[in-house]
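There are 2 protein chains.
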Amino acid sequence: MPKTFVIAQGGGPTAVINQTLAGAVAEIERRYPDARILGARHGVRGVRDGDYVDFSDVSPERMRLIGNTPGAALGSTRDKPDAAYCELVLKGLQKIDANAFIYIGGNDTSGTQQILTDAAGDSMAFIHAPKTIDNDLMENDHTPGFISAGEFVAGAFQSIDLDFRALPGIYVGIVMGRHAGFLTAAAAAWRDDEDDGPHLIYVPERPFSTERFIDDVKRTLDRHKRCVVAVSEGVSTADGKSLVESLVGPDKVERDAHGNVKLSGSDLNRAFEAALAEGLPGRRARVDALGYVPRGYIGAINPVDASEAYEAGQYAVQVADEGGGSVALKYEGGKTVMRKVPLSAVAGKTRHMPDEFLTEDGIRLAQPGIDYLNRLIPRRFAVGKPFV
Amino acid sequence: MPKTFVIAQGGGPTAVINQTLAGAVAEIERRYPDARILGARHGVRGVRDGDYVDFSDVSPERMRLIGNTPGAALGSTRDKPDAAYCELVLKGLQKIDANAFIYIGGNDTSGTQQILTDAAGDSMAFIHAPKTIDNDLMENDHTPGFISAGEFVAGAFQSIDLDFRALPGIYVGIVMGRHAGFLTAAAAAWRDDEDDGPHLIYVPERPFSTERFIDDVKRTLDRHKRCVVAVSEGVSTADGKSLVESLVGPDKVERDAHGNVKLSGSDLNRAFEAALAEGLPGRRARVDALGYVPRGYIGAINPVDASEAYEAGQYAVQVADEGGGSVALKYEGGKTVMRKVPLSAVAGKTRHMPDEFLTEDGIRLAQPGIDYLNRLIPRRFAVGKPFV
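These protein sequence lines map, in sequence, to chains A and B.
Using our numbering, the first residue of the first sequence is number 1, and each one after it goes up by one.
Using our numbering, the first residue of the second sequence is number 1001, and each one after it goes up by one.
No lab work stands behind these hints, which were simulated from the structure alone.
Source: prediction; values computed, not measured.
Just so you know, not all the hints are guaranteed correct.
[To be verified] Stretch by stretch, here's where chain B covers chain A in the computed footprint (C-beta under 8 Å, at least three residues):
#1 62-71
#2 115-125
#3 154-160
Quick reminder that beta carbons are idealized off the backbone N, C-alpha and C, glycines included.
Could you put the whole structure together from the sequences, leaning on the hints where they help?
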C-alpha cells in the first residue's frame, strides 16, 4: 500500500518556511513516487478537521513559486493541543492512514510533536522540521528563517543609523524575540566600528533596568551625538517578569493559547517614550516597533537561508524513514549539515544566546557574538562614511 | 575668479538623496574644473556657522560609495530660517563668495530657497533639487526618494498580507505621509487581485472617521477572513485636524520648527488599538508604525530612483547656470525628464494625490492610481498563491 504523508506548518510565518514545505514534498515524490502527500491547513487544526490540500494537484511550477514566497502557504496556527485535542489530531491522522506527520515550526510545534509521539507510540512517525526567526531551538547552530530576518534587521538598523547621523537624536527599535536575543543582536551585525549604531542592545538574556537604560543612552549621546538602540520585545526586569508585564500589570496582559504574554501591543513603545521623556527631556526621540515586517520581508530573503530551509524539508523525509525525530542544523567542519536529534531534546526548550556573545555589561556584542553573526549574516552592502 | 558652489541637504533623509549630492558634485567638476565645491553640514545651519566639507578633499571612489548610501551624508536639518536666521545664512554665503547654493530637499527646503532668493536678489543663484519620499512636490510627476520608499512599502505590505493569510487577523500599518497619501497608496502597488492586501487604504486626502473605519474592517473580514490596512500617519478627521491632534488635543501635541504636528509618537498606534478593541472585541489585531525604515532602507534602493536622483543633482548645476530655480521631474513622451521650474511654483505648496487615484469611497486605489504606481514601482517579486 502506498505511503501517506501529512505536512503542516505551525507558529509564526517566516521568509523561507515554504522552502521547507517545497523540499519535503519534492523529496517524498522522489523517494515514493506513489505516495499520497497531504498538506493540512492551519497546522494541527487542519489535521483535526480533515482540511487538506492534496499535493498531487499542485504543479511543480507552483511549488517552486510557493517555495520562494514568504508566509506559510498551508496556513499556520497557534493552537497547542491538550490531551483531548491531541486525541482528535491522532484520530484525524489514523483516519487517512497516515504513516508520517511532518510539522514545520519552532518550540511549540516540536512540543506538539512530542505530545503526539507519546500518545501514538510507534504507529506513526512524527517529525519536526525547524523554523523560527528567534533562532532559539536547542541542538541547532541556527534555524531556518533566522538568517533572512537577521539580514532585514541588520539592514534596517544600518539604515536607521545613517538616518540618525543626518538628523541626530535617540532611536529605539523594538525587535521580535520573547526569550532569546539573537534577532535583536543581529541589528549590530553590520557595524563597522564603535561609532556605528546600534550603540546599545538589550536582550531577554540580561535583566533590564530603566534607570540604567537612561544612563546608557546619556553616555552614548555624549560620545556619538546620537543613540541608536535595539531592544527585544521580551526584555525582562530583574524579577524575571517581561518589561511589558512589569509595566502593565500581570492581570492586564493578554496571553495566547500557549500561555505566552502578548508583547505585540504599543505598551512597550509607550513605556520607552515615557522613560526617555522623563530621563532625557527635550531630546528628539523616536520609538518604533519593527513589528511583523522582519519575519517575512520579501525583499530580504537570504539565498543560504532559503536553501537550508529547503534542505531541512528534504531531510525531514529521511527522519521519517528513521521513525521520527527533529531535524537540526549543525555546524560541522565549516559547513551547515542536517542531523536527526530526539524530539525531547528540542521540545519545549529554549536556546538562549551564549553568555560570551555579549560584553559583561550586556549591552554590546562581544567578539564571539560578532563572529557568529558575521558567519551567518555577512555584510551585503558597501556604504560610504557620511561627513557628519 | 573660480566659481564657488555650496551644496546642502535638508529635511528627512532618503535612500537616494546622496545620489543627488554625488550628481551635483560630479557635474560641477565637469563644467568647472577650477570651482570650489563646499558641502554645508546640516543644511542652512552649516552655512550660517561656516561648517563645510571641501569636496576637493573627497575622492571620486568615496563620492561613488556615498551616492549608493542612504541617509544624508552632509547631515540634515529641520531649521526653517526666519528673517534674522536668513540674514546670517546669506552673510555666510557672501563671506565665502558663493556663486550658487544648491539645496536638496522637499517643500520646506524649497521654501527656504524662496526666502533666500527674495532676500538676495540676483547676487547669487539659489537652486532647489527635489527630494522627498512623500512625493508631494508641485510640478513633479514624482520625486527622487519616492520610488525606493514606495518599493519598500509595497514589499512590506505584500509580505504582511502573506503573513496574515497564514494567521488571520487585522493588521494596521501606519505609513509616513503628513499631507499626501502617495506612499501609503504604494502599499497597494503589488496587489494581484481583490483578495490581496492591503484591503483598505486611508490617506490624508480624504476625511477619516473611526466609525466608518470599523465598518470597513468588518466588511473586509467577512469577505477575506483577514484585513490588512495601510494608513497615513497624517490622516485627518472631517474638521481638518490630524487624527493624532483630534485624539491628543491641540494643546498637547508637539510641533517642530516648521509648526508641523509631531506624528511620530505611539499615540496613533494606541488610538487604532483602542478603536479595534472596542469595535471588534476579541479579534486578533496588530497595529505597527512602519516608522523610519521605509525612507532609507538600504535593501530597497531602486536603481531607477537612484539614477533619477543623480540626474537631478547634475541638472541642478544647469539650473544654477540659468540663475536658479527648482529642478522638477516631468513625465514627457513616455520618460522622465528634468526641467527647470520657478521656486515659487514649488515652495511651500503641497501636491496631493489626484482625486481620480482613489475610488469614490476613498479606501481603495482606482485604475489611474494603479496605473501610476505600476509605472513607477513595477512588481519586483513573483509569488505563489498560498493554499489558504
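The hints, checked one at a time:
no.: 1; hint: 62-71; in the structure: holds (count 10)
no.: 2; hint: 115-125; in the structure: violated (count 0)
no.: 3; hint: 154-160; in the structure: holds (count 5)
Violated hint: 2 only; the structure is consistent with all others.
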